[in-house]
Amino acid sequence: MTKRTRYTPEFKAEVVLEALSGESSQAELCRRHNLSEQQLSKWKQQAVENFASLFGSKDKASTDAAERIAHLEQLVGRLTVALDIEKKVATWLN
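The opening residue of the sequence shown carries number 1246 in the working numbering; numbering runs sequentially from there.
The set of hints was computed from the structure by calculation and includes no laboratory data.
All values reported here derive from a predicted model rather than from experimental measurement.
Just so you know, nobody snuck in bad clues.
Computed beta-carbon distance windows for the label pairs:
hint, residue 1, residue 2, range
1, Thr1336, Asp1309, 36 to 46 Å
2, Ser1307, Gly1267, 29 to 39 Å
3, Leu1262, Ala1310, 25 to 35 Å
4, Ser1307, Leu1265, 23 to 33 Å
5, Lys1332, Arg1251, 49 to 59 Å
6, Phe1296, Arg1251, 17 to 27 Å
Cβ coordinates follow ideal geometry from the N, Cα and C atoms, glycine included.
Taking the hints into account, I'd like the entire structure generated from these sequences.
So, in structure tokens, the structure goes:
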């Protein structure tokens, strides 16, 4: 039974960037990092396919976060006004 090695996303990104930069050949990178050429090719393909989503998803996430923050700020404002009203009513009743 063969032992499978698990590589971190950071390691994969580093190796793929080296491969895409063209400073070293794919065979040299595979020897240096003890990888198969098929594995490195698969990582490169995944990276290239997901490049566009790196830019798009971040923008959507920041837009969603900004909308959530705006909603929460409105909610805090309403609660603050309600609390102020309750304090004034409590002072009048005492």
